[in-house]
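K.L.:
Each chain, letter by letter, is given below.
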Amino acid sequence: MNNSVFFGALTVAGLAAGAAAAGTLDDVKARDKLNCGTNTGLVGFAAPNANGEWEGFDIAVCRAVAAAVLGDSTKVEFVPTTGKTRFTALASGEIDVLVRNTTWTFSRDVDLKFDFVGVNYYDGQGFMVPKELGVSSAKELDGATVCIQTGTTTELNLADFFRANNISYEPVPIETEAEAQQQYLSGACDVYTTDASGLAATRATFDDPSAHVLLPEIISKEPLGPLVRHGDSEWGDVVRWTLNALIAAEELGVTSANLTEMTAGTNNPEINRLLGTEDNLGEMIGLSADWAVKALSVGGNYGEIFAKNIGENTPIGLARGLNAQWTDGGLLYTPPFR
Amino acid sequence: MSDQTTNSIAFVAKSTIPASPPPARETGVIRWLRVNLFATPGISILTLVALWAIYTVLSGVLPWILNGVWTTDSLSECREVLQGKVGACFSVLTERWNQLLYGFKYPSDQYWRPNLALLLFFPAAAPVLFFDLPRKLLIFTALYPFVAFWLIWGGPVSAPLLALAGFVAGGAVFQRFGKANFALGFFGGIAAAVVIWWLGALLLPASGGDNTLLRQVPSRDLGGFMLNMMLGITCVSLSLPLGIALALGRKSDMPLIKGICIVFIEFVRGVPLITLLFVASVMLSYFFPPESTVDLFLRVVIMMTMFSAAYIAEVIRGGLAALPKGQYEAADSLGLDYPQAMRLIILPQALKISIPGIVNVAVGLFKDTTLVSVISMFDLVGMIRGPILASADWKGVYWELLGFAAFLFFIVCYGISQYSQWLERRLATDHR
Numbered sequence: 001m002n003n004s005v006f007f008g009a010l011t012v013a014g015l016a017a018g019a020a021a022a023g024t025l026d027d028v029k030a031r032d033k034l035n036c037g038t039n040t041g042l043v044g045f046a047a048p049n050a051n052g053e054w055e056g057f058d059i060a061v062c063r064a065v066a067a068a069v070l071g072d073s074t075k076v077e078f079v080p081t082t083g084k085t086r087f088t089a090l091a092s093g094e095i096d097v098l099v100r101n102t103t104w105t106f107s108r109d110v111d112l113k114f115d116f117v118g119v120n121y122y123d124g125q126g127f128m129v130p131k132e133l134g135v136s137s138a139k140e141l142d143g144a145t146v147c148i149q150t151g152t153t154t155e156l157n158l159a160d161f162f163r164a165n166n167i168s169y170e171p172v173p174i175e176t177e178a179e180a181q182q183q184y185l186s187g188a189c190d191v192y193t194t195d196a197s198g199l200a201a202t203r204a205t206f207d208d209p210s211a212h213v214l215l216p217e218i219i220s221k222e223p224l225g226p227l228v229r230h231g232d233s234e235w236g237d238v239v240r241w242t243l244n245a246l247i248a249a250e251e252l253g254v255t256s257a258n259l260t261e262m263t264a265g266t267n268n269p270e271i272n273r274l275l276g277t278e279d280n281l282g283e284m285i286g287l288s289a290d291w292a293v294k295a296l297s298v299g300g301n302y303g304e305i306f307a308k309n310i311g312e313n314t315p316i317g318l319a320r321g322l323n324a325q326w327t328d329g330g331l332l333y334t335p336p337f338r
Numbered sequence: 001m002s003d004q005t006t007n008s009i010a011f012v013a014k015s016t017i018p019a020s021p022p023p024a025r026e027t028g029v030i031r032w033l034r035v036n037l038f039a040t041p042g043i044s045i046l047t048l049v050a051l052w053a054i055y056t057v058l059s060g061v062l063p064w065i066l067n068g069v070w071t072t073d074s075l076s077e078c079r080e081v082l083q084g085k086v087g088a089c090f091s092v093l094t095e096r097w098n099q100l101l102y103g104f105k106y107p108s109d110q111y112w113r114p115n116l117a118l119l120l121f122f123p124a125a126a127p128v129l130f131f132d133l134p135r136k137l138l139i140f141t142a143l144y145p146f147v148a149f150w151l152i153w154g155g156p157v158s159a160p161l162l163a164l165a166g167f168v169a170g171g172a173v174f175q176r177f178g179k180a181n182f183a184l185g186f187f188g189g190i191a192a193a194v195v196i197w198w199l200g201a202l203l204l205p206a207s208g209g210d211n212t213l214l215r216q217v218p219s220r221d222l223g224g225f226m227l228n229m230m231l232g233i234t235c236v237s238l239s240l241p242l243g244i245a246l247a248l249g250r251k252s253d254m255p256l257i258k259g260i261c262i263v264f265i266e267f268v269r270g271v272p273l274i275t276l277l278f279v280a281s282v283m284l285s286y287f288f289p290p291e292s293t294v295d296l297f298l299r300v301v302i303m304m305t306m307f308s309a310a311y312i313a314e315v316i317r318g319g320l321a322a323l324p325k326g327q328y329e330a331a332d333s334l335g336l337d338y339p340q341a342m343r344l345i346i347l348p349q350a351l352k353i354s355i356p357g358i359v360n361v362a363v364g365l366f367k368d369t370t371l372v373s374v375i376s377m378f379d380l381v382g383m384i385r386g387p388i389l390a391s392a393d394w395k396g397v398y399w400e401l402l403g404f405a406a407f408l409f410f411i412v413c414y415g416i417s418q419y420s421q422w423l424e425r426r427l428a429t430d431h432r
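Protein sequence lines correspond, in order, to chains F and E. With our numbering applied, the first sequence corresponds to residues 1 to 338, in that order. With our numbering applied, the second sequence corresponds to residues 1 to 432, in that order.
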């Protein structure tokens with residue numbers, strides 16, 4: 001574009017290297033914009049609609065963080081990343097937080113020097129088969145041909161599962177999800193396996209979704225969550241507790257419908273602390289007192305966000321399952337707001 | 001005696017017999033069919049097989065296209081309308097038309113800007129492509145990059161003006177000193193341009209704010225086929241002069257220049273384009289502070305230009321090598337210096353020989369612009385693979401979208417190919 005930018009960048013590079021050590025929270029406030037790394041497109045989780053506005057389950061987390069920090073859910077710059085570019089984008093500081101259904105694993109947390117601040121979706125690898133096959137459990141799949149994306153952890157999980165159950169299978173390696181769909185529908189493989197949310201989304205686009213069933217077995221743990229750079233705990237706290245606020249709000253029955261009413265004050269001290277009418281949690285985390293109210297006013301609590309983007313009334317039609325509150329037999333369990 | 005001769009012949013034709021029509025099997029459609037399609041039994045069989053193949057393809061594809069649905073809002077609605085019949089769901093093209101062409105973030109009330117830039121491209125490119133046109137038109141060509149930049153990116157008008165001023169100053173210095181001393185003119189020109197840019201960057205504010213004539217659009221918001229066209233046009237037009245310079249450098253007698261050119265060409269040619277793009281998008285962001293990175297579009301342009309310049313350099317080197325030694329010696333014997341010899345005698349011939357190769361690289365480069373989708377830029381293919389197929393409405397629509405993309409690319413590439421064939425005919429001066 002123009003050379004001045006280039007040469008300017010070179011000279012500033014040295015100066016800014018020191019300045020970059022300042023907290024991400026201050027950077028975001030100074031910039032008045034949150035840079036949120038997201039997917040280039042994943043049904044239900046992150047995709048721009050016909051008007052070019054991003055929507056989805058992961059997007060809702062970004063918007064909630066932006067609302068909590070900056071008071072405005074539109075002050076987000078969504079930076080689309082691919083599976084290959086996502087970690088460098090976060091490590092280099094191009095984005096402040098990565099919400100791109102990324103599985104929380106040991107090596108990503110420890111070796112790549114990131115901090116996963118929580119889990120916003122518990123996923124796991126599942127199986128889809130045509131109903132006419134008459135299979136009701138993955139353990140009956142002895143000798144089946146399986147469509148599997150090469151070079152992914154799903155491939156390794158599959159091998160482990162079949163070996164552990166002492167049954168055989170024949171893999172049909174495929175490269176992309178589009179290819180998998182074609183192969184599976186044309187009958188080149190009996191089974192298609194990938195993350196359960198992906199299976200549900202794929203099945204939803206079939207001509208006749210009811211002719212295919214998802215088997216009950218989930219053979220791997222895929223906790224998907226937002227992550228930030230290692231070593232900036234203040235910023236990590238902001239993202240962690242924004243996510244926790246969404247989850248706690250559902251547990252406490254705070255919805256977008258009764259939010260204003262609840263903000264006026266309730267006789268439940270936990271709700272009052274969450275919404276900033278009692279104590280000063282907002283000040284402790286470096287935000288305004290009503291930070292959680294702002295985050296909740298974007299898309300409601302966790303349950304509302306789930307129902308709107310990927311829940312049972314959407315074409316994707318995912319059940320809450322593991323992602324229900326702990327009181328309903330799920331895994332969502334946020335530490336208390338105290 | 002004369003009687004005898006006249007009467008000894010019973011009949012004399014007074015006029016020529018009118019030509020009888022050729023036999024039915026030697027005329028018209030029948031003859032054409034017989035000669036071209038059914039000349040021998042073997043050819044007849046092949047013709048029938050080909051007809052059957054064409055029929056099979058068309059009977060599958062035509063109902064699919066003709067039954068196409070154009071007005072629904074989602075794939076499931078398409079299926080409702082079709083009721084199980086074969087038919088395409090072209091509604092995705094109409095609903096996401098603007099996204100396919102401009103990406104999903106370019107402000108929709110500003111679409112006239114890239115449209116105008118494309119429209120102006122034709123008069124700007126015309127004097128370069130068709131050299132019979134008056135040379136005065138080249139002034140517009142020289143101004144076009146700055147106009148197009150301002151139209152597409154917007155922002156303060158001072159930025160492109162400053163860039164233009166730098167180039168003008170550099171050109172003026174080169175004109176003044178280049179005749180006497182090429183190196184002085186060349187490096188003096190570069191220095192003058194850099195000084196102008198540096199002064200300008202100091203004097204002008206970094207950004208003009210929002211009260212500019214055209215709203216500023218960041219590079220990240222560019223997308224769709226517009227991005228492919230911009231990358232293709234920019235990289236091809238930059239890599240041609242760079243490629244010529246590299247080819248001449250590689251043939252140079254000066255060891256330093258020759259060495260640099262060889263290393264550059266061999267290195268860039270030996271690395272896959274996708275690796276260079278990853279370096280541009282991933283590695284470079286480590287070297288710059290988060291707030292002042294070099295624009296992603298510029299990074300990609302630099303990498304793609306380097307890549308195609310290396311290929312074009314080798315194509316042109318082939319053209320240079322094809323010229324007989326006598327041409328070089330003829331230029332020397334006329335007393336021409338090196339720039340004159342190259343400009344007047346060597347390059348016109350070498351470039352003419354290289355046209356098919358250069359066009360090959362250009363077409364390849366244009367199609368390679370779709371590779372930017374892997375570094376999360378939303379070009380045409382990136383838009384299709386990412387946002388459109390990831391929307392709950394359109395997941396599962398593959399043939400319509402990718403067919404449309406192929407169609408757009410075919411139009412442009414076929415146009416380039418037709419132009420190059422015209423150029424070859426126009427420049428054909430040899431006697432064959």
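Certain hints may be false.
Unchecked claim - The calculated DSS-like cross-link candidates involving lysine-lysine, where the alpha carbons are at most 25 Å apart (straight line), are:
#, chain 1, residue 1, chain 2, residue 2
1, F, 84, F, 29
2, E, 258, E, 352
3, E, 367, E, 105
4, F, 84, E, 105
5, E, 325, E, 367
6, E, 352, E, 136
7, E, 105, E, 179
8, F, 84, E, 367
9, F, 75, E, 105
10, F, 29, E, 105
11, E, 105, E, 85
12, E, 85, F, 131
13, E, 251, E, 325
14, F, 75, F, 221
15, E, 105, F, 33
16, F, 113, F, 84
17, F, 308, E, 367
In short, the hints are calculated from the structure, not lab data.
K.L.:
Which of the listed hints are not met by the structure?
P.N.:
1, 5, 7, 11, 14, 17
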